[in-house]
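K.L.:
For reference, the chains in residue letters:
Protein chains: 2
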Amino acid sequence: MLQGKILVAQGGGPTAVINQSLVGVVLEARQHSTVTGIYGAMHGVSGILSEDFIDLAKETEANLELVGATPCSALGSTRDKPDLEYCQKIFKVLQAHEIGTFFYIGGNDSSDALRILAEEAANADYPLRCIHIPKTIDNDLMINDHTPGFPSAAKFVASAFAGVNQDNKALPGVYVGIVMGRHAGFLTAASAGARRYEDDGPHLIYLPERVFSMDSFLEDIKRVNARFGRCVVAVSEGIHDADGTPIVTKLAKEIEKDAHGNIQLSGTGALADLLTDAIKKDTDISRVRGDTFGYLQRSFLGCVSDVDQREAREVGARGVQFAASEDRDGSVTINRVGDYAVEYRLDELDAIAGKTKIMSDDMIDPSGVDVTPVFMDYLKPLLGSNMPGAYRLEAPKVAKVLAG
Amino acid sequence: MLQGKILVAQGGGPTAVINQSLVGVVLEARQHSTVTGIYGAMHGVSGILSEDFIDLAKETEANLELVGATPCSALGSTRDKPDLEYCQKIFKVLQAHEIGTFFYIGGNDSSDALRILAEEAANADYPLRCIHIPKTIDNDLMINDHTPGFPSAAKFVASAFAGVNQDNKALPGVYVGIVMGRHAGFLTAASAGARRYEDDGPHLIYLPERVFSMDSFLEDIKRVNARFGRCVVAVSEGIHDADGTPIVTKLAKEIEKDAHGNIQLSGTGALADLLTDAIKKDTDISRVRGDTFGYLQRSFLGCVSDVDQREAREVGARGVQFAASEDRDGSVTINRVGDYAVEYRLDELDAIAGKTKIMSDDMIDPSGVDVTPVFMDYLKPLLGSNMPGAYRLEAPKVAKVLAG
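From first to last, the protein sequence lines are chains B and A. Going from the first sequence to the working numbering is simple: count from 1 and add 379. Going from the second sequence to the working numbering is simple: count from 1 and add 379.
Since the hints were made in silico from the structure, they are not lab data. One should not assume that every hint holds.
Heads up, the list lumps identical chains together, so a pair's fine if it works in one copy or across two of them.
Stated by the list, open to error - Below 25 Å or equal to it, Euclidean Cα-Cα: the simulated DMTMM-like pairs (lysine to aspartate or glutamate) are:
1) K629 <-> D656
2) K659 <-> D578
3) K460 <-> E430
4) K437 <-> E773
5) K659 <-> D594
Just need the whole structure built from these sequences, with the hints factored in.
P.N.:
Given below as structure tokens:
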């Protein structure tokens with residue numbers, strides 16, 4: 380049942396298409412005459428606490444379309460993780476505003492917040508319907524074949540590595556690019572997305588699904604450099620040693636943690652600098668460069684997969700449809716049912732909330748430093764129809780006149 | 380006169396459109412029946428020394444078009460700066476291969492190499508015609524209104540800041556983005572290119588044209604943060620103190636220099652980390668993040684200004700036309716003659732070689748931390764016809780029920 384007012388909010392890290400899901404919710408909700416109001420909470424659950432709502436029924440469709448095509452949470456976001464007291468305050472506000480259904484667009488932390496909220500609502504006998512709309516560039520939600528936001532971020536990372544591979548071919552040396560991803564290596568693995576020729580980089584890919592060893596890392600680089608005269612390396616910010624300790628903490632003076640207890644990995648170039656310093660120290664390679672792709676991966680204006688755009692809109696709209704047709708809480712999931720086709724389902728919040736999916740073994744090369752054709756088959760359709768390619772001159776060599 | 384074989388090479392840092400200029404040279408040269416061969420030197424002048432040539436006459440037009448749309452020097456590049464001995468070796472090779480005209484696509488270091496080469500050729504009475512084709516994301520060539528490569532890099536930086544501005548609005552705090560540019564601040568200034576609303580970031584822009592003071596920097600950030608509750612900052616990697624010492628050297632343990640004596644500024648996150656550490660130490664702002672845009676600025680696949688693409692093709696083609704119609708060495712320059720229209724001219728190598736253009740005072744706000752409308756008028760047409768925009772929700776607030 381979809382009755383009374385609905386509330387929509389966005390949580391966690393922004394993505395390039397998170398506003399498509401918001402627009403999907405709003406436009407679909409307008410089709411339902413039982414919906415008496417469409418509110419948006421600013422800055423996720425924190426905006427509910429402060430009663431910071433806007434009246435999305437008053438948005439024009441034209442402006443909604445412009446916002447849909449704009450990266451990052453238009454409603455603002457939050458890293459707050461509600462506890463019982465927080466949830467009780469939320470009920471009070473939702474009750475006062477007569478909210479019947481709450482759509483929370485977010486990742487596993489956000490879905491966990493929604494799960495707690497749904498439980499507390501049930502305990503308090505408050506008639507609240509909670510629908511989770513998936514998003515995360517980390518691509519780490521259970522059940523989902525992939526999550527909205529990942530394909531566009533993957534397109535960014537693939538495009539970045541296709542470019543730096545050309546740069547590295549032009550001015551050879553070692554290039555290390557650090558990619559977002561704490562536990563799941565999907566986005567780092569997407570660095571292989573635009574490889575075309577056999578010697579295209581990234582030549583080495585370090586994922587958080589495998590234990591990182593500095594010794595092996597340096598040996599790997601020397602081996603690739605000896606073979607190709609250059610080496611492009613993709614590294615997940617979440618790489619860790621056998622104890623699970625993130626490599627970046629070996630350097631960082633102060634460890635910053637968020638409300639979910641996660642160590643802050645992004646927003647610093649420390650890991651790239653640590654790795655390039657080690658390479659410079661251990662090899663005689665003169666040109667060693669490191670970049671950290673940082674927040675551009677999830678926010679860059681104009682780098683969007685059209686598949687992602689479409690699906691992000693759809694999970695928002697389907698969330699409203701499920702709320703109307705099914706009398707239960709849940710999380711909208713994307714399920715691959717063809718090559719390439721997907722089906723949207725409503726799964727239990729418990730199956731998604733707070734859980735993390737990582738890359739399966741068949742996606743990771745036995746060497747531990749590359750992806751498999753299984754992963755490439757998985758990734759390619761997600762990059763969309765307008766993924767550019769990098770090409771080479773094919774002209775033959777001119778015979779030397781002086782030398783030889 | 381354009382007679383005999385021509386040779387084309389690419390030098391310095393790659394750009395997103397440097398291959399358009401290469402393709403412009405090759406396709407235009409094919410129109411001239413007096414041209415008996417079209418060679419490409421691999422890795423700039425260093426490939427001439429090693430007689431590492433490919434026969435570009437054997438490239439299909441279809442593949443040339445694919446390569447033209449691919450970022451970074453397809454012929455490879457070099458940082459070599461030829462001295463007299465180097466030049467003498469080059470003559471020997473050019474003579475052996477009967478090269479009549481040498482087109483060197485590059486920035487001010489490359490044009491300086493060409494100037495030396497042209498002088499040595501004249502001294503040695505060797506009939507070599509030297510034509511410089513401009514490119515540099517730094518936009519720092521004299522005479523030129525702007526240089527091929529800059530508009531696409533500017534589009535990247537503008538798109539990046541438009542995105543991180545949205546991200547920073549969603550999750551407020553301080554964000555510092557480091558942009559390439561040693562002496563000229565054009566690319567850092569381009570961070571303002573996609574600002575739309577009055578409170579859009581970047582709120583502060585630090586250019587190498589102005590002396591950097593850490594105290595003022597911290598005061599500026601506190602002021603902006605007090606006003607907007609957040610602060611997005613664009614910083615040129617070339618910022619320096621009153622003595623001209625780059626700020627990054629205050630931290631870096633080892634200073635790496637290239638063959639031109641330039642201190643290595645890119646390929647490390649050190650400056651961003653230095654600045655964000657200072658902000659964290661001096662303020663109580665909890666969320667402080669820094670990114671270094673690095674090599675993505677000049678190589679990212681798929682971020683190209685269509686104006687840049689067109690002009691880069693044109694400077695290559697015009698170079699060949701000038702070589703055919705004018706009996707002198709020179710550098711092809713882009714001159715703005717309308718809003719928006721340009722004219723291509725052949726200027727003296729001496730006027731370009733080794734010289735650096737910086738931003739004019741009327742492009743920099745008197746505050747020293749922003750750009751002026753003069754700069755925005757200059758920049759906007761360069762970003763091209765397909766520059767996306769970032770939009771906001773316009774819905775009104777819902778009246779609070781509980782609070783107040």
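K.L.:
Which of the listed hints are not met by the structure?
P.N.:
Result: no hint breaks.
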